[in-house]
Amino acid sequence: MSSCWSSVLAVLGGAVSEEEAQMRGRLLAVKEAVASEAEAVENLEEEVKALERALAAAETEREAAEARRRAAEERTGKAVAELRAAEEEHEGRVEELLLTAEQSDAADAHPRAGGDDQDYRRHHRDTER
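Read in order, the letters of the sequence shown correspond to residues 1 to 129 in full-length UniProt numbering.
Source of the hints: derived by calculation from the structure; they are not laboratory data. Bear in mind that the values here come from a model prediction, so they are computed numbers and not experimental data. Treat the hints with caution; some may be incorrect.
In silico SDA-like cross-links for lysine to any residue, where the CA-CA straight-line distance does not exceed 25 Å [said to hold, decoys possible]:
#1 K78 to E88
#2 K31 to E46
#3 K78 to R68
#4 K31 to R53
Restraint ranges, calculated between C-beta atoms of paired labels, are given here [what the hints assert, rightly or not]:
#5 T60 to V80: 28 to 36 Å
#6 A72 to D105: 46 to 54 Å
#7 A50 to G25: 36 to 44 Å
#8 T76 to D105: 27 to 35 Å
#9 D105 to E74: 27 to 35 Å
#10 E102 to E82: 24 to 32 Å
#11 H90 to A64: 36 to 44 Å
#12 A50 to L83: 42 to 50 Å
Glycine included, every Cβ here is placed at the ideal spot set by N, Cα and C.
Please model the entire structure based on the sequences and the hints provided.
As structure tokens, then:
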């Protein structure tokens, strides 16, 4: 009977060994899959960090561009105000010149009673000779 038990144990031992080998193989495959998943997660986390850095840099650049745009708009507003002031000043000068020209034309059309300066100079020059 002892030989019978040894045979049974040998058969059972062989079956257990084979089943144990299969389970170890499955366990190893699961460990490899977990390691692979962990590596994939780590890679994704690095990608997320890189994207967050890129997003932060883009946000900083956007804010800087917005500040440059506001500064340019402010300079444009000041330039437009200066241009309008210069244009108004120019128009005022033109009006003054037109008024002066009209007054001069009116004076030429209606000589003064005592004569104008040119008549006086001509007369004075002729009498000195």
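- Query: Within a Cα-Cα threshold of 25 Å, do K31 and R53 meet the stated pairing?
  - Reply: violated (33 Å)
- Honestly, do H90 and A64 meet the 36 to 44 Å range at C-beta? Given about 38 Å between the Cβ atoms, the range holds.
- Do the alpha carbons of K31 and E46 lie within 25 Å of each other, as the hint requires? OK: K31 and E46 at ~22 Å, within 25 Å.
- Message: For a C-alpha distance cap of 25 Å, please report whether K78 and E88 respect it.
- Response: Given that 25 Å is the threshold and the Cα spacing comes to 15 Å, the pair holds.
- Item | Beta-carbon spacing of A50 to L83 - inside the hinted bounds 42 to 50 Å or not | Holds: the Cβ-Cβ distance is about 48 Å, inside 42 to 50 Å.
- Task: Given the hint of 24 to 32 Å, check if E102 and E82 actually sit that far apart at their C-beta atoms.
- Result: Holds: the Cβ-Cβ distance is about 30 Å, inside 24 to 32 Å.
- Query: Could one say that the CB atoms of A50 and G25 fall in the range 36 to 44 Å?
  - Reply: Holds, since A50 and G25 (Cβ atoms, about 37 Å apart) stay within the stated range.
- Message: Hint check: K78 vs R68, CA-CA at most 25 Å. Holds or violated?
- Response: The given pair, whose Cα atoms are some 15 Å apart, holds under the 25 Å limit.
- Cβ separation of T60 and V80, checked against the hinted range 28 to 36 Å: Cβ of T60 to Cβ of V80: about 31 Å, so the range 28 to 36 Å holds.
- Should the hint that T76 and D105 are 27 to 35 Å apart at their CB atoms be regarded as holding? violated (42 Å)
- Query: Between D105 and E74, does the beta-carbon spacing fit 27 to 35 Å?
  - Reply: violated (47 Å)
- Message: If I claimed the Cβ atoms of A72 and D105 lie 46 to 54 Å apart, would that claim hold in this structure?
- Response: At roughly 48 Å between Cβ atoms, D105 and A72 fall inside 46 to 54 Å, so the hint holds.
Figure legend: structure checked against the earlier numbered hints; hints not met, in rising order: 4, 8 and 9.
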